[in-house]
Amino acid sequence: MNPQPIKGQLDDPWSRMMTAAIGGDEGAYRRLLEDIGRSVRAMARGAFSRAGVGDADVEDAVQETLLAIHLKRHTWDPEQPLAPWVYAIARHKVVDALRRRGRRKVEPLENFEEFLAAPEAEDPHALSDARKLLETLAPRQRDIVTSISLDGQSIAATAKRLSMSEVAVRVALHRALKSLGAAWRRSVE
Amino acid sequence: MKTSELIAALAADPVPEPIRLGRRVALALAVGLAVSVALYWVLLGPRPDIVAASDTMRFWLKFVDSFAFALPTLLLTLRLGHPDAKPRALALWLIAPFILLGAGVVIELLIVPQSEWMSRLMGSTAMHCTITIPMLAAPILAALIVALRAGAPLYPGLTGALAGAAAAGVGALVYASSCPGDSPLFVATWYPLATLICMGVGALAGRRFLAW
Chain D
-6 MNPQPIKGQL
4 DDPWSRMMTA
14 AIGGDEGAYR
24 RLLEDIGRSV
34 RAMARGAFSR
44 AGVGDADVED
54 AVQETLLAIH
64 LKRHTWDPEQ
74 PLAPWVYAIA
84 RHKVVDALRR
94 RGRRKVEPLE
104 NFEEFLAAPE
114 AEDPHALSDA
124 RKLLETLAPR
134 QRDIVTSISL
144 DGQSIAATAK
154 RLSMSEVAVR
164 VALHRALKSL
174 GAAWRRSVE
Chain W
202 MKTSELIAAL
212 AADPVPEPIR
222 LGRRVALALA
232 VGLAVSVALY
242 WVLLGPRPDI
252 VAASDTMRFW
262 LKFVDSFAFA
272 LPTLLLTLRL
282 GHPDAKPRAL
292 ALWLIAPFIL
302 LGAGVVIELL
312 IVPQSEWMSR
322 LMGSTAMHCT
332 ITIPMLAAPI
342 LAALIVALRA
352 GAPLYPGLTG
362 ALAGAAAAGV
372 GALVYASSCP
382 GDSPLFVATW
392 YPLATLICMG
402 VGALAGRRFL
412 AW
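These protein sequence lines map, in sequence, to chains D and W. My numbering puts the first sequence at residues -6 to 182. My numbering puts the second sequence at residues 202 to 413.
Derived by calculation from the structure, the hints in this document are not laboratory data. Any given hint could turn out to be false.
Unchecked claim - Restraint-style ranges between C-beta atoms, simulated for each label pair:
#, chain 1, residue 1, chain 2, residue 2, range
1, W, Val236, D, Lys153, 46 to 52 Å
2, D, Pro112, W, Ile332, 55 to 61 Å
3, W, Ile220, D, Pro77, 17 to 23 Å
4, D, Glu19, W, Trp261, 54 to 60 Å
5, D, Glu159, W, Pro247, 58 to 64 Å
6, D, Gly95, W, Ala239, 48 to 54 Å
7, W, Ala412, D, Glu159, 30 to 36 Å
8, W, Arg409, D, Val164, 42 to 48 Å
9, D, Ser156, W, Arg289, 33 to 39 Å
10, D, Val181, W, Ala253, 56 to 62 Å
11, D, Gly95, W, Ala412, 18 to 24 Å
Said to hold, decoys possible - Taking lysine-lysine and the DSSO-like style, the derived pairs with C-alpha atoms no more than 30 Å apart in a straight line are:
#, chain 1, residue 1, chain 2, residue 2
12, W, Lys203, D, Lys125
13, W, Lys203, D, Lys171
14, D, Lys125, D, Lys171
15, W, Lys287, D, Lys65
16, D, Lys125, D, Lys153
17, W, Lys287, D, Lys153
18, D, Lys65, D, Lys171
19, W, Lys203, D, Lys65
20, D, Lys153, D, Lys171
21, D, Lys65, D, Lys125
22, W, Lys203, D, Lys153
Yeah, the Cβ is synthetic: ideal placement off N, Cα and C, and Gly gets one too.
Bound conformation, chain D alone:
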């Protein structure tokens, strides 16, 4: 599947991946989120270390950013490059995370080019608050999210196991992610 860019012929990799994702390419969307995750992680690590905060919560900031981007992905204007849009959200979330740890005067983060150029892999031992937030979901929603994320099952397999239609699983997953975003917002307010 290789849909043409809609307008403006944006040629950067992230915009192309998102355009493919809008066209239904799930793999492209996954690769894009992994890519974005690596850049946000590098940004958050740099900012946390400069602020003198341990990097125990870096993965939280990464996940919160990814979830926020996911929930607002339809507001990206396909005629504009995706990266500045992502960067603005990531920067805001990382600054927010530092403020919550009592760092009032937050150092400016890396500039935009560094943001794209400095990917960092996930620490395999890092855990996040997301699991705690999963507990706030309704049991059926939690079951679906866990099945797809932690157990790595497909929508089809999940639907079969729960005797639901695939559409119903998709709808429930979408609602669950929205509630997860709302729960995250409440937990940090």
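Could you slot chain W onto chain D? The hints should help.
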């Protein structure tokens, strides 16, 4: 939960078609304005002496100034609905209505004797004006907030406050032909007060409804 696990869940949720925030905000403005104009016709109507009044510069300054305020605040509101907004250059246009109204005030102070300043400032309908503009702005503000919920504003309070300012600007435009106070001294006192009320309401609504 690991990040790779979260991504697995996110990737299983399909990406919808992008929305056009500009169109939604334009539609919201049209709907809000229609309700506002309907309220105007039902509750207010044009002032009785509108023909005579429309011969004066003072009368038209209200329209020009309200428009000069409504346009940049509307565009800024839309801009702030995007996380990667670069609003600085646009924000400079906010100076225009203040210069216009400021010039009007200076000229008024020069041509009107000092003994009349206070009565010109108070007019006969100060309270009425301060209440009516927010009333006419309310449907516009509500529609703008609904439209902006589809956007992704990073500063919900500020975005809401600007939506309030834009709604007040458009509301003032609707109200101007009914308002009997024409002196720039009157306008420069009570219109901004009405605008501040709308901005306060907008900021609260923004924090409540635009955070994500």
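For each hint, the structure was consulted:
1. Val236(W) <-> Lys153(D): 46 to 52 Å: holds (50 Å)
2. Pro112(D) <-> Ile332(W): 55 to 61 Å: holds (57 Å)
3. Ile220(W) <-> Pro77(D): 17 to 23 Å: With Cβ atoms ~18 Å apart, the hint holds.
4. Glu19(D) <-> Trp261(W): 54 to 60 Å: holds (59 Å)
5. Glu159(D) <-> Pro247(W): 58 to 64 Å: holds (60 Å)
6. Gly95(D) <-> Ala239(W): 48 to 54 Å: With Cβ atoms ~51 Å apart, the hint holds.
7. Ala412(W) <-> Glu159(D): 30 to 36 Å: For Ala412(W) and Glu159(D) the Cβ distance comes to about 32 Å; the hint holds.
8. Arg409(W) <-> Val164(D): 42 to 48 Å: Given a distance of about 26 Å, which is not inside 42 to 48 Å, the answer is violated.
9. Ser156(D) <-> Arg289(W): 33 to 39 Å: The hint (33 to 39 Å, Cβ to Cβ) is violated, given that Ser156(D) and Arg289(W) are roughly 56 Å apart.
10. Val181(D) <-> Ala253(W): 56 to 62 Å: Holds, since Val181(D) and Ala253(W) (Cβ atoms, about 59 Å apart) stay within the stated range.
11. Gly95(D) <-> Ala412(W): 18 to 24 Å: Hint holds: Cβ distance 21 Å, inside 18 to 24 Å.
12. Lys203(W) <-> Lys125(D): holds (12 Å)
13. Lys203(W) <-> Lys171(D): holds (18 Å)
14. Lys125(D) <-> Lys171(D): holds (16 Å)
15. Lys287(W) <-> Lys65(D): Given that 30 Å is the threshold and the Cα spacing comes to 19 Å, the pair holds.
16. Lys125(D) <-> Lys153(D): The hint holds at about 27 Å.
17. Lys287(W) <-> Lys153(D): Status violated; Cα separation ~48 Å.
18. Lys65(D) <-> Lys171(D): Holds. Lys65(D) to Lys171(D) sits at ~10 Å (cutoff 30 Å).
19. Lys203(W) <-> Lys65(D): holds (21 Å)
20. Lys153(D) <-> Lys171(D): At roughly 23 Å apart (the allowed maximum being 30 Å), Lys171(D) and Lys153(D) satisfy the hint.
21. Lys65(D) <-> Lys125(D): The given pair, whose Cα atoms are some 23 Å apart, holds under the 30 Å limit.
22. Lys203(W) <-> Lys153(D): holds (25 Å)
The structure is inconsistent with the numbered hints 8, 9 and 17, although it conforms to all the rest.
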